[in-house]
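**Q** In case you want the letters, here they are:
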Amino acid sequence: MSEFKDILIDQTTRVLKDYCNHEVIEAADNTWPDALWDALAKIELPLALVDPDAGGAGADLDDVGALIRLSGNFAAPVPIGDTMVANWLWSVAGGAPVAGPVVIVPDSGSICTHDSAGRSTTLDGTLCGVPWGQNASILTVAGNTLILIPAGGDAACEQQHNIAGDPRPDLTFFNVTLDADHTRPLPEGWDSSTLEEYGALIRSAQMVGAMDRALALAVEHANMRNQFGRPLAKFQAIQQQLAVAVEQVASAAAALDGALAATSNSADFGFAVAVAKVITGRAATSVAAIAHQVHGAIGFSREYDLQHVTRRLWAWREEYGAELLWQRRIGKRVLAGKGRIWDFITASGEDQKI
Amino acid sequence: MSATITFPAVSLPPQTEEVRRDVRAFLQTCRDDGVFTPSGNSWAIFNAEFSRRCGAAGFLGMTWPNEVGGHERSMLERYVVIEEMLAAGAPVGAHWVADRQSGPQILRHGSDAAKALLPKIAAGECYFSIGMSEPDAGSDLAAVRTKATRVEGGWQITGTKIWTTFAHHSHYIIVLARSAPQTDNRREGFTQFICDLSAPGVTVRPIVNLAGTHEFNEVVFDAHFVSDDFVVGAPGQGWDLVTGELAFERSGPDRFLSAHTLVEMAVEAADDDDRSAEIIGGLVARLANLRQMSVSVASMLEAGQSPMLEAVIVKDLGAVFEQEVPDTVRSMIDVAPQMGGEGLAREMAHSVLHAPSFSIRGGTREILRGMIARGVGLR
Numbered sequence: 283m284s285e286f287k288d289i290l291i292d293q294t295t296r297v298l299k300d301y302c303n304h305e306v307i308e309a310a311d312n313t314w315p316d317a318l319w320d321a322l323a324k325i326e327l328p329l330a331l332v333d334p335d336a337g338g339a340g341a342d343l344d345d346v347g348a349l350i351r352l353s354g355n356f357a358a359p360v361p362i363g364d365t366m367v368a369n370w371l372w373s374v375a376g377g378a379p380v381a382g383p384v385v386i387v388p389d390s391g392s393i394c395t396h397d398s399a400g401r402s403t404t405l406d407g408t409l410c411g412v413p414w415g416q417n418a419s420i421l422t423v424a425g426n427t428l429i430l431i432p433a434g435g436d437a438a439c440e441q442q443h444n445i446a447g448d449p450r451p452d453l454t455f456f457n458v459t460l461d462a463d464h465t466r467p468l469p470e471g472w473d474s475s476t477l478e479e480y481g482a483l484i485r486s487a488q489m490v491g492a493m494d495r496a497l498a499l500a501v502e503h504a505n506m507r508n509q510f511g512r513p514l515a516k517f518q519a520i521q522q523q524l525a526v527a528v529e530q531v532a533s534a535a536a537a538l539d540g541a542l543a544a545t546s547n548s549a550d551f552g553f554a555v556a557v558a559k560v561i562t563g564r565a566a567t568s569v570a571a572i573a574h575q576v577h578g579a580i581g582f583s584r585e586y587d588l589q590h591v592t593r594r595l596w597a598w599r600e601e602y603g604a605e606l607l608w609q610r611r612i613g614k615r616v617l618a619g620k621g622r623i624w625d626f627i628t629a630s631g632e633d634q635k636i
Numbered sequence: 396m397s398a399t400i401t402f403p404a405v406s407l408p409p410q411t412e413e414v415r416r417d418v419r420a421f422l423q424t425c426r427d428d429g430v431f432t433p434s435g436n437s438w439a440i441f442n443a444e445f446s447r448r449c450g451a452a453g454f455l456g457m458t459w460p461n462e463v464g465g466h467e468r469s470m471l472e473r474y475v476v477i478e479e480m481l482a483a484g485a486p487v488g489a490h491w492v493a494d495r496q497s498g499p500q501i502l503r504h505g506s507d508a509a510k511a512l513l514p515k516i517a518a519g520e521c522y523f524s525i526g527m528s529e530p531d532a533g534s535d536l537a538a539v540r541t542k543a544t545r546v547e548g549g550w551q552i553t554g555t556k557i558w559t560t561f562a563h564h565s566h567y568i569i570v571l572a573r574s575a576p577q578t579d580n581r582r583e584g585f586t587q588f589i590c591d592l593s594a595p596g597v598t599v600r601p602i603v604n605l606a607g608t609h610e611f612n613e614v615v616f617d618a619h620f621v622s623d624d625f626v627v628g629a630p631g632q633g634w635d636l637v638t639g640e641l642a643f644e645r646s647g648p649d650r651f652l653s654a655h656t657l658v659e660m661a662v663e664a665a666d667d668d669d670r671s672a673e674i675i676g677g678l679v680a681r682l683a684n685l686r687q688m689s690v691s692v693a694s695m696l697e698a699g700q701s702p703m704l705e706a707v708i709v710k711d712l713g714a715v716f717e718q719e720v721p722d723t724v725r726s727m728i729d730v731a732p733q734m735g736g737e738g739l740a741r742e743m744a745h746s747v748l749h750a751p752s753f754s755i756r757g758g759t760r761e762i763l764r765g766m767i768a769r770g771v772g773l774r
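Going down the list, the sequences are from chains A and B.
Okay, so the first sequence: first residue is 283 according to the numbering used here, each after it adds one.
Okay, so the second sequence: first residue is 396 according to the numbering used here, each after it adds one.
Everything labelled a hint here was simulated from the structure, so no lab data went into it.
Every residue, glycine too, gets a C-beta built ideally from N, C-alpha and C.
Among these hints, one or two may not hold up.
Just some of the chain B residues that point at chain A, by a computed CB distance under 7 angstroms [claimed, not checked]:
(1) A398
(2) E673
(3) I675
(4) L682
(5) P732
(6) A768
(7) L773
Build the full structure now, drawing on both the sequences and the hints.
**A** In structure tokens:
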């Protein structure tokens with residue numbers, strides 16, 4: 283682990299400990315947590331992944347993956363992972379990074395028309411379930427064009443929430459025109475699923491972080507709580523369940539690390555991300571269930587912190603493609619290839635493109 | 396403390412791809428020559444001809460020094476060889492135990508006389524069995540009662556081992572025996588002995604498994620003599636040696652590829668529709684994930700670490716996966732299992748009938764999960 287990564291983790295942990303407590307998370311469903319976001323912005327996380335030449339900190343995807351995982355661990359009710367990645371992607375395409383929150387909507391083709399000279403883009407229609415859509419800029423793709431829709435003002439917002447209570451409003455645009463500063467040609471090697479893959483990678487990292495927390499809370503509870511004159515941790519029935527949770531978190535963390543290690547411009551990146559989203563989604567279901575079972579009634583209460591991470595696990599496993607979508611993509615590729623699945627699993631590069 | 400166990404992502408070095416091509420070509424030749432037809436659970440299939448060919452091709456004792464018949468390759472190169480063989484359903488059972496654990500133990504802890512067996516193991520001509528379980532010592536290995544008594548020039552072994560795979564074919568068995576009276580620490584006083592299965596004082600009786608196959612045996616030792624130079628390690632070191640080897644035994648691709656032949660056949664037979672794609676995609680994602688974790692453990696072993704807990708996690712997750720394969724396939728295609736013959740129906744029968752053993756051999760699920768719980772601070 284690099285020293286730079288240690289510093290980033292240390293700084294981010296301190297900010298989250300100070301600004302992402304129970305009350306902040308509970309209030310965030312209808313109030314943008316200004317203090318938390320400002321503290322994250324102050325340590326320059328929104329530009330962490332952006333190249334230093336473009337004004338960023340030049341962290342790599344592995345560093346930032348650790349920070350996103352941390353944000354999941356604290357159930358942070360802000361799109362900090364989304365922003366770090368979206369700003370980087372936008373800057374790679376030649377755009378100027380944004381200081382405020384940025385989120386990803388993989389495809390807006392159905393509401394976008396580009397003028398024939400390629401100088402402007404008009405938005406007309408509704409984007410559903412946009413993360414923090416009333417506060418964030420939106421990075422999206424329509425056809426071969428990458429678009430950054432600026433935050434605020436130009437859309438009618440109908441508030442919706444995911445089951446964690448995080449804002450996922452529907453935004454309706456009425457003939458909103460964006461100039462050429464807000465569009466870029468899709469960079470070499472990207473395609474219509476690139477943004478969705480990064481979205482899935484972000485949610486996978488958040489889920490691993492949330493699972494780290496759910497497991498740690500369950501282990502701590504099992505060691506502290508006494509029944510029948512001894513800690514729950516002494517009961518084999520409890521040990522066996524928590525061992526399964528440990529295995530699930532470990533497998534999810536391994537899948538995440540595999541995706542973070544995959545070269546982002548390599549053809550097999552999509553497969554690594556698909557594996558990560560499938561494995562973290564499956565693990566999320568299992569770990570949330572076990573953590574609740576081990577906690578008994580206390581875990582079902584609003585005032586106890588477990589629900590902050592388990593409700594997010596249930597929400598995040600659906601976002602940017604549930605397990606089924608990514609499984610279908612992998613499976614279709616394998617069926618189309620006609621070869622052994624073993625050859626596909628052991629391949630790399632173009633031979634493992636989904 | 397954090398309860399999350401880490402498996403750093405490792406990419407296989409480029410030279411392993413050369414090895415992979417070599418193994419695939421070798422396996423193709425073996426199939427063309429009629430040496431084997433692919434089958435699941437193939438590390439429980441005994442085929443001496445295949446093992447001799449593996450030896451001649453340099454695929455056994457791969458990481459051992461040249462002077463004992465080895466090939467001084469890396470653990471990751473060996474990893475690629477065994478994953479390719481298992482994925483191809485090749486019958487590695489004859490040499491499996493000798494190559495995976497007996498040989499490495501002898502290399503590290505054996506006398507010169509014992510090391511003289513290594514070239515034969517590497518040639519695919521000398522096979523070993525594992526002598527741990529007993530009628531009253533299964534998961535509770537410290538209950539082993541087979542007794543080793545000091546005699547002139549060596550030890551006399553008396554007792555019974557059970558569930559001993561291929562004792563009726565193997566040349567040797569490494570027996571864990573009590574060589575000193577039990578103390579407060581039940582794990583003290585054990586020693587491992589290399590016993591010649593053809594020698595006087597050893598009786599091998601068959602135990603047929605539920606699939607109707609003879610793999611298991613009961614092995615009875617009646618005052619069987621073992622000379623001092625066939626003791627593995629020092630007397631009293633038995634427990635440490637046995638547990639030290641478990642990371643090697645538990646994390647390999649054999650722990651999630653037992654039903655792989657069925658997976659490949661099912662994919663070939665599947666309809667080209669969304670539902671099949673979703674099920675196949677799930678299998679591929681889990682396999683890729685398990686393989687990545689298993690490669691990560693191989694890389695830790697290569698680096699001289701002792702990833703006990705990591706190996707246990709791979710084994711338990713792998714056993715759950717390979718046990719679920721038959722039912723996953725049943726949810727995708729309609730196939731009635733059939734005994735005998737070849738193809739999907741036979742493979743389904745084989746996998747259904749062998750699946751119960753996947754979470755028992757090499758440490759039961761309950762024991763493994765107990766170790767994991769202890770490893771993260773429960774108990």
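**Q** All hints are to be evaluated individually against the structure, with a verdict given for each.
**A** The hints, checked one at a time:
Of the supplied interface hints, the one on B:A398 holds, with its beta-carbon coming within about 5 angstroms of a beta-carbon of chain A, less than 7 angstroms. Against a cut-off of 7 angstroms between C-beta atoms, the interface hint on B:E673 holds, since the closest Cβ of chain A lies about 5 angstroms away. Satisfaction of the interface hint for B:I675 is found here, the shortest Cβ-Cβ separation to chain A being roughly 4 angstroms, below the 7 angstroms cut-off. Checking B:L682 against chain A by beta carbon gives a least distance of about 6 angstroms; that is within 7 angstroms, so the hint holds.
With 7 angstroms as the threshold, the beta carbon of B:P732 stays out of range of chain A, its nearest partner Cβ sitting at about 21 angstroms, so the hint is violated. Among the interface hints, the one on B:A768 holds; its C-beta lies about 4 angstroms from the nearest C-beta in chain A, closer than the 7 angstroms criterion. Interface restraint check: B:L773 against chain A, minimum CB-CB distance 4 angstroms, threshold 7 angstroms, status holds.
Violation of the numbered hints given earlier is confined to hint 5; every other hint is satisfied by the structure.
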